[in-house]
Structures are given as C-alpha cells and as structure tokens.
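K.L.:
Sequence:
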Amino acid sequence: MREEMAQREAAELLRGRRKPRSPHGWGLLVALWLLAFYEPVLTEGHLRRKNLEFIFIRFSAWEFAGCDKLWAGLVTTLCHRVRQHFGALPLSVFHVLGSRPRFASGFSQREWILKKGACLRLWGLLLVLAAGIAILLVALLVPGVKDHQALKVVGSAVASLSGSSLLLGALSILKNFLVSEKKKIERLTNSDRFAGQLGFMSKIRGEVEVLVDFLAFMEVFERRRLRVVLEITSLDLCYPEKVAGVFNAMATLLSDANAPFIFLLAVDPSVIVPCLEQTGCMKGLADNGYAYLNRAVSLPFSIPEMGARSRLRSVEAAIQTREDLMYRIIAGNVAKTRGAGGSGGSGGAGTGWRAADSEAVAWIHEAFRCLHDASDVLSRYLPDNGANVRRIVNTVPITLRLLLHRSGAAAAAAALSPRAAAAWVVLADRWPCRLSWALQCLEDAGQSLPPADPSGKSLWSIFRDNAAELNALRQPLGKVLSLDGDPELFQAFLARDFPFSAAEAREFLAVTVNLDHSIRRQMGLLRGLDRLGKAAP
Numbered sequence: 001m002r003e004e005m006a007q008r009e010a011a012e013l014l015r016g017r018r019k020p021r022s023p024h025g026w027g028l029l030v031a032l033w034l035l036a037f038y039e040p041v042l043t044e045g046h047l048r049r050k051n052l053e054f055i056f057i058r059f060s061a062w063e064f065a066g067c068d069k070l071w072a073g074l075v076t077t078l079c080h081r082v083r084q085h086f087g088a089l090p091l092s093v094f095h096v097l098g099s100r101p102r103f104a105s106g107f108s109q110r111e112w113i114l115k116k117g118a119c120l121r122l123w124g125l126l127l128v129l130a131a132g133i134a135i136l137l138v139a140l141l142v143p144g145v146k147d148h149q150a151l152k153v154v155g156s157a158v159a160s161l162s163g164s165s166l167l168l169g170a171l172s173i174l175k176n177f178l179v180s181e182k183k184k185i186e187r188l189t190n191s192d193r194f195a196g197q198l199g200f201m202s203k204i205r206g207e208v209e210v211l212v213d214f215l216a217f218m219e220v221f222e223r224r225r226l227r228v229v230l231e232i233t234s235l236d237l238c239y240p241e242k243v244a245g246v247f248n249a250m251a252t253l254l255s256d257a258n259a260p261f262i263f264l265l266a267v268d269p270s271v272i273v274p275c276l277e278q279t280g281c282m283k284g285l286a287d288n289g290y291a292y293l294n295r296a297v298s299l300p301f302s303i304p305e306m307g308a309r310s311r312l313r314s315v316e317a318a319i320q321t322r323e324d325l326m327y328r329i330i331a332g333n334v335a336k337t338r339g340a341g342g343s344g345g346s347g348g349a350g351t352g353w354r355a356a357d358s359e360a361v362a363w364i365h366e367a368f369r370c371l372h373d374a375s376d377v378l379s380r381y382l383p384d385n386g387a388n389v390r391r392i393v394n395t396v397p398i399t400l401r402l403l404l405h406r407s408g409a410a411a412a413a414a415a416l417s418p419r420a421a422a423a424w425v426v427l428a429d430r431w432p433c434r435l436s437w438a439l440q441c442l443e444d445a446g447q448s449l450p451p452a453d454p455s456g457k458s459l460w461s462i463f464r465d466n467a468a469e470l471n472a473l474r475q476p477l478g479k480v481l482s483l484d485g486d487p488e489l490f491q492a493f494l495a496r497d498f499p500f501s502a503a504e505a506r507e508f509l510a511v512t513v514n515l516d517h518s519i520r521r522q523m524g525l526l527r528g529l530d531r532l533g534k535a536a537p
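If you read the sequence shown in the UniProt record's numbering, its first letter stands for residue 1, the second for the next number, and so on.
One thing to keep in mind: the hints can contain errors.
[To be verified] Cut-off 30 Å, straight-line C-alpha distance, at most; resulting in silico cross-link-like pairs (BS3-like, lysine-lysine):
no., residue 1, residue 2
1, LYS115, LYS19
2, LYS203, LYS182
3, LYS116, LYS19
4, LYS183, LYS116
[To be verified] Quick list of the computed label-pair ranges, beta carbon to beta carbon:
no., residue 1, residue 2, range
5, LEU167, LEU14, 45 to 51 Å
6, ASP373, PRO499, 15 to 21 Å
7, SER310, PHE56, 20 to 26 Å
8, TRP26, ASP373, 54 to 60 Å
Note that these hints are calculated values from the structure, not bench results. Fair warning: this is a prediction, and the values are worked out from it, not measured in the lab. Note that the Cβ used here is the ideal one computed from N, Cα and C, for glycine as well.
Construct all of the structure, not just a fragment, from the sequences and the given hints.
P.N.:
As structure tokens, then:
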C-alpha cells in the first residue's frame with residue numbers, strides 16, 4: 001500500500017498537479033487560517049485526484065480485552081491516532097470553527113470560499129469591542145466627561161459583551177485542545193449511568209462524524225485523498241461478546257457511505273464463527289456465523305497455502321531472532337573458558353557443563369541449517385503458520401541443550417543427531433495427538449504383564465498396530481485430534497523419511513518440551529477405562 005501511495009504521488013506530480021502539503025511547520029499556520037475563514041469545496045479537479053495517503057492504525061483487540069466495551073477501545077484508538085497524525089491544534093480549531101466540504105456548483109475550480117458570515121461576525125465583534133473600549137477610555141480620560149457614569153457603564157457593557165464572545169470561542173478551542181476525543185469517550189464509558197445512558201451511541205456517532213468531516217477537510221487542504229486503514233488483530237483471543245462488539249463498531253464506522261475507513265480484519269474464521277454464534281447478533285441469520293461474516297466482509301481474502309520458498313523465508317526470519325542469543329552464548333563460553341584457564345581450572349562438573357554448552361551451539365547451528373535447507377526433506381514438513389515456525393525455532397535450542405546435558409555430548413552424538421532432534425521437534429508440533437498416542441502405547445507395552453519389549457520396533461509400527469483403538473476413541477479425543485496436521489504426511493514422516501525407533505522415542509521423550517503431556521495422561525485414562533469395560537463380566 002505504501003508503494004502504491006508513492007507511485008500515485010509521483011504520477012500526479014508528472015501530470016503537473018500542485019504539490020501536496022501537510023499541516024506541519026508553515027503548513028500549520030495556513031491550515032489554521034483556512035479553518036477560521038474559509039470553507040472547503042469539493043471540485044471536479046479534487047474528485048479526479050488519484051494520489052492518496054494511507055494512515056495506518058494497528059488495533060490489537062487483546063490489549064483492550066479487559067475493558068467492558070471492546071468496541072469503545074477501537075473508536076478511542078481511531079480518534080487518538082488521527083489526532084496524533086494531524087496534531088491536536090487543527091482538530092481542536094475544527095471542532096469550533098471548521099465545516100464539512102460542500103460540492104462545487106457547476107465546473108468551478110475554486111477549492112476555498114471565504115466564510116462571509118463568519119468574517120462579518122468577527123469584524124462586527126472587533127468593531128463593537130473597539131467602540132466599547134473607545135467609549136470607556138473617553139469616559140475615563142477626557143476631563144469634561146469623567147463625571148458621566150452612564151457613559152462608563154455603556155462602554156464597559158459593550159466591551160464586555162463583545163470581548164466575552166471572543167473569549168468563549170477561544171475557551172472552546174482550548175477545551176477541545178486539552179480534552180481529546182479519546183478522553184471524552186473514556187469519560188462516557190466510565191460513567192456510572194453508562195449501561196442506561198440515553199443517547200450514548202449518538203454521542204459516539206457524533207464524535208466519529210466530526211472526525212470524518214475533519215478528514216474530508218484535510219483532503220482538500222493536503223490536495224490528496226485520505227484513507228484510514230485500521231488493522232484489527234488478536235480478535236480470536238477475546239471473549240465472544242467482545243468479538244461481536246468490535247463487529248458492531250465496524251458497522252457503526254462504515255454506516256456512512258463516504259467514510260474514509262478501510263478495515264483489515266486478520267482473524268481465523270474457525271475461531272471467530274463459534275464466538276459470533278454464541279452471541280445475540282445472529283438473530284435472523286439462522287445462527288450461521290459464516291453468513292454473518294459474508295455480510296460483514298466486503299473483500300474476503302483467505303491466505304493460500306505457503307509455498308516452499310515462503311516457508312524457508314519464514315524459518316530464516318524466525319532463526320534471525322535467535323542470533324543475538326546464540327552470539328551471547330558463544331561470547332559467554334569464551335569468557336568462561338578464559339576465566340577457567342586463568343584460575344587454574346574449576347570443578348569437573350562445571351567443566352562438563354561448559355563442554356556440553358559449547359557442543360550445543362554447534363548442534364543448534366546444524367539443526368537450523370537442516371530446517372533452512374531446501375534440499376533437505378525436513379523443510380517440507382514445516383508448518384505454514386508463522387507462529388508455529390517461531391515455536392519450532394524457539395524449541396530446538398532448548399531440546400538440544402537438554403539432550404546434551406542429560407546424555408552427554410559423546411553419548412548423544414553416537415546415538416542421535418541434530419537433524420533427528422529437529423525432526424522430533426517438528427513431529428511434536430505438527431501431530432501432538434498422534435505422537436502422544438504412539439508414546440502412550442509404547443509406555444503401556446512396557447508396563448503390561450507379561451512385559452513386552454518394543455525397543456526394536458519403529459514408532460510408526462506401534463502407531464499402526466494401535467490405530468484402530470484410537471479411531472474408537474475419536475469422539476472423546478476430537479478436540480485433541482483437531483490439533484494434528486495432515487494424516488498422510490504423518491505416515492510419510494514416520495514410515496519413510498524419519499523412521500524413529502522405540503528406543504529413540506524414549507530418549508527424545510525425556511527432553512521433549514513442546515508436547516503437552518496432559519494429552520498422554522488423558523489418553524492413558526481413556527485407554528484404561530476402555531480396557532476395563534471390555535474385561536468386565
């Protein structure tokens with residue numbers, strides 16, 4: 001959108017149009033002068049302008065999830081950012097003196113028309129004020145007139161009335177300068193009579209209309225179109241009633257056909273739709289959240305499946321966040337080694353931990369290389385979701401350190417590899433339910449009577465032998481099963497590309513931190529109850 005903005009700006013200048021201006025520096029004085037004495041006009045030339053400016057506003061719904069009315073947070077964020085972008089003074093003056101642009105009559109190209117009524121009123125007040133002051137000075141200073149009290153009263157009254165009118169206007173501007181639109185809305189929402197306050201929404205709507213009129217004024221002043229882009233994120237982390245409130249606020253802001261607002265709603269429909277269906281906003285739509293979304297969203301855009309190149313870029317971006325930590329570890333290891341050499345060495349346990357820590361850095365680099373290597377089959381199993389990629393990248397260093405500290409560098413290097421550890425982390429992240437089932441079956445096999453030793457079997461064969469039992473428990477485990485990725489990819493992962501043995505699975509299980517162990521406990525309980533029911537007479 002910024003590139004589009006720059007291209008349109010350059011194209012307008014090439015057409016010989018006047019250069020845009022901003023309400024800052026010298027432009028602020030010009031804007032205040034036009035606000036006070038001129039009325040903007042929407043001409044044909046203005047409507048033909050192609051250059052525009054986007055005002056980007058980020059709204060994280062999670063930051064306002066604790067307030068009673070989440071939609072009020074959306075409106076206050078909008079008002080605050082617009083005020084911050086243009087400055088408090090122009091908006092305060094517009095509240096008192098400004099007017100919404102009107103359409104030109106005919107083909108006139110005049111964009112500013114003098115406010116004759118406002119100018120006449122101002123000059124009239126100034127003349128009356130000057131006359132009152134003159135009468136008062138004459139009554140006070142001229143020797144022959146000092147004794148006439150009536151003249152003093154007339155002069156004082158005329159000066160006071162005209163001066164108070166000017167002073168009230170200045171105080172109104174000062175009040176709007178000190179009390180922002182955000183504070184006004186917050187004061188309304190904090191009122192004890194908020195729940196039953198009559199006309200509350202009309203007051204909010206009035207503040208929004210003033211904001212829309214001000215943006216229309218600034219369009220003519222800046223000589224370009226203005227669009228406020230609100231990016232709404234983290235809505236799927238809020239309560240259902242808060243979600244419906246944000247949709248209502250969007251409808252309120254977009255109720256004006258000429259409203260200069262663009263909403264970018266970044267949500268997961270599988271989370272938002274149940275939230276909407278739990279509230280009362282579905283009445284008349286057969287409680288269908290998808291139908292409500294189709295009416296609320298004018299341009300749906302479902303992000304397509306991430307390609308191999310984009311997936312690798314996501315991994316690279318996530319790895320970059322770990323570089324500072326890795327460099328700090330390396331520098332710390334060098335400092336510890338030098339300190340130990342200068343003091344003649346420390347205890348054997350400390351030396352062992354430092355050696356494992358140094359070895360872990362090399363393993364972490366190797367694991368990251370495997371994740372980022374397009375020729376490695378492991379990169380094909382990386383998730384499309386950036387949050388999952390970051391979780392994998394953050395988990396790999398912890399898993400490798402625990403593995404080396406637990407088994408020792410030599411033993412771990414002989415049995416396992418950084419690539420295998422990275423693959424195990426990906427497996428636990430992509431298929432937590434199926435992996436937990438295979439591990440639970442492995443654990444139960446070792447605890448059965450007579451005890452069986454499945455160490456020579458592969459993890460895939462253990463899962464395959466017990467898949468029918470998992471299918472029988474799919475109803476109580478439905479929500480956990482929904483966390484898993486593609487089942488065919490799971491089979492290809494374990495049966496062909498990474499055939500972990502039962503012994504390797506036991507080794508990795510002791511250092512697995514990205515797998516919810518409560519899933520296995522729930523599976524063990526269900527499996528035990530199922531077997532108990534079958535064994536009962």
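K.L.:
Going through the numbered hints above, which ones does this structure break? Give me the numbers in ascending order.
P.N.:
Those not satisfied come down to hint 4.
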